[in-house]
Amino acid sequence: MRILAAMSGGVDSAVAAARAAQDGHDVTGVHLALARNPQTYRSGARGCCTLEDARDARRAADVIGIPFYVWDMAEEFHASVVDDFVAEYAAGRTPNPCLRCNEKIKFAAVLDRAVALGFDAVVTGHHARLGADGLLRRSVDAAKDQSYVLAVLTREQLDRSMFPLGDSTKAQVRAEAAARGLAVAEKPDSHDICFIADGDTRGFLAARLGEAPGDIVDAHTGDTLGTHRGAYAYTVGQRKGLDLRTPAEDGRPRYVLSITPKTNTVTVGSREDLAVHRVTGERAVWHGERTPVECEVQLRAHGEVVPAVVTVDGAGLTAELRVPARGVAAGQAVVAYRSDAAGDVVLGSATITTDRADD
Amino acid sequence: MLAEALDAYVDTARKVGNPSSLHAAGRDARRLVEESRERIAAVLGARPSEVIFTSGGTESDNLAVKGIFWARERPRLIASAVEHHAVMDSVAWLAAHQRATVHWLGVDHRGRVDPDALAEIVDEHGDEIAMISVQWANNEVGTLQPVPELSALAARAGIPLHTDAVQAAGAVPVDFAASGAAALTISGHKLGGPVGVGALLLGRDVPCTPVLHGGGQERDVRSGTLDAPGMVAFAVAVEVAVKNQQESATRLAVLRDDLIARVLDAVPGAVLNGDPADRLPGNAHFSFPGCEGDALLMLLDAQDVACSTGSACSAGVAEPSHVLLAMGADDDNARSSLRFTLGHDSTDTDVEALLAALPGAVERARRAAAWKTPR
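Residue numbers (my numbering), protein chains in the order written: chain F, 1 to 359; chain B, 1 to 375.
Next up, chain B with everything else stripped away, as it sits in the complex:
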């Protein structure tokens, strides 16, 4: 957690009461919550009343997808094929259990959705579409989506568009009002705030049925006692992240482009995934054909290079990424992929360390995969 956010968390946790209580301690806590709401709204282009605090990105995505689908009472949903599981599985659940008809928006080989494809579905089924969900930036390959263009298209047809901006906020400029989205997800820990707090920015006129019923907090859309320390720390983190966004993005993009160029140069057969330019500043994602990502991860981990193969099931088995499959990769290519993420504390030295370890690890992982019978 960011030092400023941690300090704010501890200070608040020491003193506050329940923000829903009417006595003096409750009012003090309520004031901190409302100030946090205003601070987040101010830096993300939202009105304070549009900030619905939640427990994080997963809850915000569930609330947006299910809540708007339920409230609008229309049978169809549109979502991109590269959504985070919080959106994808919510949509799939509505299809499986509530008879929703889903239109999955395909992506090109760089991971971008085609606005014309969305327009076609909207033209054909406009009145039957409850909502659209397209992420701002992909959590695996880092590709950015043309959210304002998609939102404008949705708005013309009167359909609310939700965007999961968990990866985007603080990394690229995000302005809720300017984006034209009806709902937008952000998460605390991705910005240097605490785990367990996030928000759904929800337009004032967007109907949304609660997922959590109870005391009626948060515009009656999200009940539950307000976590004042978490919200204060979250607000501090959002402010700092947005304030530093441009400078940080500029620095990270240079470092990332250096990393990408050097990896492609040093590792025979390495392929960059995602959009070469229109991607998250700290994201570099590669396929190393002939390797299994989990073997490569293990070899790099032993040399103190942390990377990610994407999602794993509950037992810990790495799964071929649905994002890469949607981008046209086959199963083996999807399994040969790794993501390297650069953050605010990443430096040239880290890139050096990666380049020192990676070529040898890829060579070894390729040998390790060679015994396998082809799938």
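The shape of chain F in the complex, shown without the other chains:
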């Protein structure tokens, strides 16, 4: 097959591309230039992204022996991921930009362009399994599993995707990279949101949304316990950084229960108040299994799984949780898994619409 390897400059995508090439596919490496970073070497032109990542990807392609190009996806990325990220926070939700990038960029804009240019599929270094049965499963490396941010992919997208790393642990991938002579073998993992270079999400949002002071309100008494400088800086389940002037009656810690953009209010309550028994979602992607179905749901990246009964009705999804969950934020994904000895299978996903205030 003619395969386009999306190469970030990291170790995972380099090994994924190398494996695809070794399997006899005709592989072409592409690095996606996504950032409009103002730190550019050339004045007046569009900003270059992380030059080091582009170079690392290019060197990996050299070593693997495949052609390599850079695709400028900065406009699409900015519109679909960065602007969406800011708008979601402004709307009181907590977006997952990696998920959005997979949905809108890597397996949409890039995949569409690749197919139009004559490629059969896109290969990435995601840690998830996509076998001959077409089922998307968790990686064998539970700590590195990325099936949560891939669950948004439709059948058509999955049919044109390859994830060669799902059967390997991160340690194995690094060892293989070293054995293949790839210089990125020891490159540290990326953790932060790629377009917020300094990791200061609150500052990033404040620069775009401005300061918007409002009240922090007690869910039970309706009392104003303090003020905030922008509701967007808070996430459901958050405890730190509330800086309340008035201690709660019971003297116990307060958690963010909900964010209401209309009144610019952050509502807080006790840990017990955070408990959620039912989660609803929109824009569901579902892979055929009949519902209602007994399964497990994951409600945030790297979050715990909870047994639940999931019902899908068109684009809507409802999960009745067998065990209450905490810190369920609108904008995150609810991903349903069927546990399986061969690796948990992704049944589908949806974007969470409710937080505890609607419970």
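Quick caveat, the hints were computed from the structure, so don't treat them as lab data.
There is no bait here: all hints are sound.
If you want the footprint, here are the derived chain B segments under chain F, 3+ residues with CB under 8 Å:
no., segment
1, 299 to 305
2, 354 to 368
Ranges of calculated distance between the beta carbons of each label pair, as one might list FRET restraints:
no., chain 1, residue 1, chain 2, residue 2, range
3, F, Gly-118, B, Gly-215, 48 to 58 Å
4, B, Pro-276, F, Asp-192, 49 to 59 Å
5, B, Gly-215, F, Thr-201, 53 to 63 Å
Listing some non-contacts, in silico: residues in chain B with all C-beta distances to chain F over 10 Å:
no., residue
6, Ala-3
7, Lys-15
8, Gln-98
9, Trp-104
10, His-109
11, Leu-153
12, Asp-220
13, Ala-329
Where is the CB? At the ideal position from N, CA and C, for every residue including glycine.
Dock chain B against the given chain F, drawing on the hints supplied.
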């Protein structure tokens, strides 16, 4: 590298010492450098003392623009809007950091500057203008500029004119004295010589402050130990290129015109950029509206047809060409462009191979661009 130049390089590298040393080995090396200077001067219409060896086109352009600006101590600069980045970014840097006022000379849709527009600026600001820089031939679309006419105009006002002739030397007749330019840039590797050596032909009376200070080599304008093997090989390459220029240009122009006619015929919507006649003999530059140049490049590359989309940033992202934008193209049109270059080893077979691959690639690239939201 040209075989003769490579042989000369290796022979020289085997034996020479430092041309600045006073002992016998140093003198031998110095002799080779001076002979090279004379050989280059002889075929390009310059005096030997006017040949300042540099590390290549970028350095020569920087030296001419910054050096003459500094030495003349006047606040204004004139440059065409289609200069190579080595000139353009030097000029822009002087504007940003040294308070230079820049007059960018616009071009018409074929990429040519208008001498009357230059005359107007010169008439208005004559005494305040430090220097003028207008390239001889454009590196992207191949358009030739009327350098002698512009030089004469500048000379009447007593303003030094520099011309970047990196693309022109060896491709079209270039004579420094006849051109009337005060300074002229050439580069080794564009002529079949080594990368890393070039020259600025600098008129004897043209003031120029060094960019590189040090041992005072090269008329005190460009310090640094002389690269004798590079200079000898460069001189050989310049001689061969100039000797073959006319014959090569005649042959390439026929091949180029054939390529242009056939591409315009075979690819619906294809547009030739640059001047149809007054262009570099080996240059064919097109826009293929509805395509993205980088997608087209990738498809042609896979079929062993090498072409160029113009400049890319350090990360490798293709940028819309400032040359095409200056010629009036919009962003999308600028991004849909490709350059095909014919060289001394290009033949009919290469044109055939291009025509076999291009129409299908354009069709596919157009489909690939269709999903995109309009910018």
